[in-house]
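Novice: Chains E and L: place on chain B using the hints.
Protein chains in written order, with the numbering used here: chain B, 1 to 431; chain E, 1001 to 1292; chain L, 2001 to 2310.
Source of the hints: derived by calculation from the structure; they are not laboratory data. Among these hints, one or two may not hold up.
Unchecked claim - Listed next, the stretches of chain E that the computed footprint assigns to chain L, with coverage defined by at least 3 CB atoms under 8 Å from CB atoms of chain L:
hint, segment
1, 1029-1037
2, 1049-1058
3, 1064-1076
4, 1087-1093
5, 1103-1115
6, 1172-1181
7, 1265-1279
Stated by the list, open to error - From the structure, some residues in chain E lie toward chain B, with a derived Cβ separation under 10 Å:
hint, residue
8, Pro1136
9, Tyr1138
10, Ile1139
11, Gly1191
12, Thr1194
13, Thr1195
14, Leu1223
15, Pro1226
16, Ser1232
17, Ala1249
18, Leu1252
19, Thr1254
Each residue gets a CB set at the ideal place from its N, CA and C atoms; glycine is no exception.
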Amino acid sequence: MLRRFSTLLIGGVLLAACSSNNATPVPSAASQAPASQAPASQAPASAAPWDPHSVSGEVTIGQWSSSPAEQSALASALAAFSVEYPNIKVTQEVIAGDYRAQMITRFGGHNPPDLFYVNAEYAQDWVDEGFLQPLDEYIDRQGFDTSAFFPKYLDIFTAPDGKIYGLPKDGNTIAMGYNSDLVPTPPTTMDDLVNLATSLKGTGNLKAPMCLNPGLDRGLGFMYAQGGELVNADGTAEAISTDASKASVQWYMDLFKNGLGKTAADMGDGWCGEALGKGDVAIAFEGGWLKGYMDSTFPDIKWNFAEMPVGSIGEPVTISYTAAYGIGVDSANKDQAWVLMQYLTGPAGMAIWTGGGIAVPSRSDVPVPAGFDIIVKGADYARPGSGFIKGYNDIQKAFQDAFTLEIQNGTYSAGPVVSATAASITAQLGN
Amino acid sequence: MNESIDRAPLPGARGRRLRRGVAYALLIGYAVITCIPFGWTIITSFKTLPDSTQLTLVPDPFTLEAWDFALNHLQPSVVVLFLNSAVIAAVITLTNVLLGATAGYAFARLRFPGRDLLFLAVLATLMIPDQLRLVPVYILFSGVGLTAGFGQYVAVVLVGIVSASSIFLLRQYFLTIPVDLEEAARIDGAGFITTFWRVILPLAMPAVAAVAILSFQGSWNGLFWPAVFLSSDQSHWTLPLGLTQFRLAGGLATNWPPLMATVVIATVPIIVLYVFFQRYFVEGVAASGVKG
Amino acid sequence: MAQAALKRGRIDARAEALAGYGLIAIPMVFFLALSIGTFVYAAYISVWDWNIRSGPEAFVGLHNFQKLLSDPVFIAAIGNTLYYTVIWVPLTMAAGLFLAVIVNQKIRGQTFFRAAYYFPAIASSAAITTIWIFLASPDGLFNGIRGAIGLNPLFALFGYAPDHNWIGNYRTALQSVILLNAWTTSGTFMLFYLASLQSISREVYEAAAIDGANAWQAFWHVTFPLLRPAHFFVATVGVIGGLQLWDQAFIAGGPNGDPANSLMTIVLYLYNALFIQIDPGYAAAVGMVLFAIIFSATLLQRRIFGGGPA
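Chain B with its partners taken away, still in its complex shape (with noise of 0.2 Å):
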């Protein structure tokens, strides 16, 4: 009983709202894959392309609960595509509190929602355990176009046996948001990023420059631009033990012991969303999300966005992060759900769901809707900022537990933290 008590309502919400942060993905391009293999897979009868529109029946979508603006746009899609797809009974699930124990739950029980939504973050561990259906069979019989989509995006959901197991419904990238008051002119590399940083030191009521986050999240978007790396180019070793991955790492951490960077939580604030908006800081690095929101709840605020500032490898670079629609392996409705796949993922669908303000999109051939255009221009170079590697949870909290031991214990030493993580790595790779 006591237990039972304890379980207080919001908590599930706040659970529910840690859970799935990266909620808005941003979609990728083609991978190599689709074309080569089309017509091997050809096995259906008909010459003729294959037309979603006979496909009739049911099928039922599960998603992660969301703002009721961003279920709108949702709903503006799926009435849409009922429009278009009469014959299909779309159902609607929302996946209330805790999205990934709960659809793994129903994996375990054979029991999927037929279309539901997959997070980067995990979405190669999915694959792994067989929880997804590869989809390259409908792309091929379809003839499904799916160079649209920015690659980085469709990357993170071709598995190593070059299926692909999701088609990317949304996209972000992270940029740098800041206080256009204090910033007049955003900083195009990361030395003006430091010297601005530091002539904002004790500005006003600044609790610091900028607001910054201890672990890969962000610092992984640093680390790349100061030349550093988290594994090497084929992804099957470690490379954050070099000498320039630790330096990477270094910088980053010295923004912190430089004052230039604190911790949302030590401001007092939940995440570095609320602490730009309250002005306890100039400058925060996030996604498409960031706008929304200030929107409405710092309407008063003036700021902007501005793409990642150019680091030592002299390139733009920043990390995307996305989700995608799946089937399950076990789903009932899987041509009914492909259908509808197809339509939300596929150029009107997704114009419909990013025209919602909300979501930004995942192909280049979709409009980039008001306000977004820094987020999706940073999908041409950015790479994936989670979900690269099977068990990336457990590496990112291997960074993240040390750099926060580092931060608060005042020694603001890389190595602990180069070693942690390489550990770490080196014990996903191996399993």
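Specialist: Chains E and L in isolation, oriented as in the chain B frame:
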């Protein structure tokens, strides 16, 4: 002078009044502290979203937008959420009181082989975390068709039908009721069941009230199991499930005002129920029985 | 006649046993299916490399347990969980008993105080946790007050800066959660004690008063021992609940027990094993270790509270 005279021989009247004053000041002081969270919830429900990020006491501007949203625009509507929560919580409360009292009585008073071992097994059920039970219970229930349609309600009720702590709490209380009473009834020829209904249960009202309050509250606020079994059909949602829709920035932030308005709506029934049942916490319900 | 009575006694004993089994039958069926059954299932899969969808992949014997006990994060989780329970249970019991005794007095506004003191137990944990975070944040009320009344030099002795982040710092995060939960759960414990206090007759106090006992002596020598069944209940349920600490840790520190594992608990670790690493066999092994810890603690408590039908 008067004062010293007053004070010396009469530590009673004045000292007592002073002490009483201090005592009430402390009582009220702590009451204020305990009410802060609920007060903050109410205040925030009248704020705008920008204002809700400020730690201020007076909403500026004062707005009913959040209440309008909570009452008229929730998905599904607040009426549906409320009814689902109420029916599930009422059934679970009833079964916990009934099954808890009967089993608690058996464990406290009746002698049967293996009793202590069985009781330990009951306690052991509290030691298995829900997270570990989740998948096997889901597989079991989906195997018997309780993951769709009306079966979803049945699944949620069955998971909470009787908690080991309901049995435990009532058992502990029965242990404190003097045995003489029961024996007197038995000598009069009453059976175990009659004795239980006529004599023991009325004496155990304080514990019954506690179990009722806690079962209701646990079910009413529960998110873990309802999320698993009721998620897939919004018309089956309970209030805690409805509360998951106030997210901003892809889950990084929260739309506090409508969330707090809904929380107020969700909290009121528990307060009413608590105030109703705490009437049974009157001194000596059990003890006075001994006397009579 | 004596023989008749003996015979009747035997029938009574059998009827009593039957009544006993009958009364516990329904709950026992559910416990068997929904708890004990799942425990047996977990015990079975804990020696397997198990796929949550397709079942057994390889028999691994005790490998999951070896891996578990050699993981420093799990050791940290055990340490945090035990620390939490050892501090939180007595603290909350004392607070709950204290509140119960107070609102059991004949005081004006008794209903109001009873409701008010129960409030922390019902108010939404979003509201409570948010307020707690506000209060304990670097520029929050707590730091403000200790600065204003000049306590900062004292805190500095222990190494806490004037703008210390109580929940966000790994040194103080767990203590902050202990205090928060002691405050909220004290209302629930008050309820348990309040119910139990009703079984103590006024005459008992009157007798004590005649013997010349003051209020404190009466409480300590009369009330406190008479509440033994309630103590046993509250302590047992408290320890079982405390060793399964999960939600507040998750709210404050997320699934990874941030900052730096300071809020990593055993159940959180189990959650990670099951839903993030998707390793049911390993998660089941965590469950077995947790069960062993809780079960031992409960047996120990039975001993402390004096065996038998405590």
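Novice: Are the hints correct? Go through all of them and say.
Specialist: Verification of the hints:
Only residues whose C-beta sits within less than 8 Å of a C-beta in chain L count toward coverage, and the segment 1029-1037 of chain E has 6 of them, enough to reach three; the restraint holds. By the rule of at least three residues with a Cβ nearer than 8 Å to a Cβ of chain L, the coverage given for the segment 1049-1058 of chain E is violated, with 1 such residues. With a cut-off of 8 Å between beta carbons, the segment 1064-1076 of chain E has 0 residues touching chain L; three or more are needed, and the interface restraint is violated. For the segment 1087-1093 of chain E, the stated coverage by chain L is violated: 0 residues have a C-beta nearer than 8 Å to a C-beta of that chain, whereas at least 3 were required.
For the segment 1103-1115 of chain E, the assignment as covered by chain L holds, since 10 residues bring a beta-carbon within under 8 Å of that chain's beta-carbons and 3 suffice. Coverage of the segment 1172-1181 of chain E by chain L holds in this model, with 5 residues showing a Cβ closer than 8 Å to a Cβ of that chain against a need of three. A stretch counts as covered by a chain when three or more of its residues have a beta carbon under 8 Å from one of that chain; for the segment 1265-1279 of chain E and chain L the count is 7, and the coverage holds. At about 9 Å, the closest approach between the beta carbon of proline 1136/E and any beta carbon in chain B falls short of 10 Å, and the interface hint on this residue holds.
A least Cβ separation of about 5 Å between tyrosine 1138/E and chain B falls short of the 10 Å threshold, and the interface hint therefore holds. For isoleucine 1139/E, the interface hint holds, since its Cβ comes within 10 Å of a Cβ in chain B; the closest pair sits about 5 Å apart. Among the interface hints, the one on glycine 1191/E is violated; its C-beta lies about 30 Å from the nearest C-beta in chain B, farther than the 10 Å criterion. Against a cut-off of 10 Å between C-beta atoms, the interface hint on threonine 1194/E is violated, since the closest Cβ of chain B lies about 29 Å away.
Given the 10 Å rule on beta carbons, the hint for threonine 1195/E is violated: about 26 Å separates it from the nearest Cβ of chain B. About 3 Å separates the beta-carbon of leucine 1223/E from the nearest beta-carbon of chain B, less than 10 Å, and the hint is met. This hint holds: proline 1226/E has a C-beta 8 Å from the nearest C-beta of chain B, less than the 10 Å allowed. For serine 1232/E, the interface hint holds, the least distance from its beta-carbon to any beta-carbon of chain B being 4 Å, beneath 10 Å.
For alanine 1249/E, the suggested interface contact is upheld, since its CB lies about 4 Å from the closest CB of chain B, less than 10 Å. Because the closest C-beta pair between leucine 1252/E and chain B is about 5 Å apart, less than 10 Å, the hint holds. About 7 Å separates the beta-carbon of threonine 1254/E from the nearest beta-carbon of chain B, less than 10 Å, and the hint is met.
Checked against the numbered hints listed earlier, the structure breaks hints 2, 3, 4, 11, 12, 13; every other hint is satisfied.
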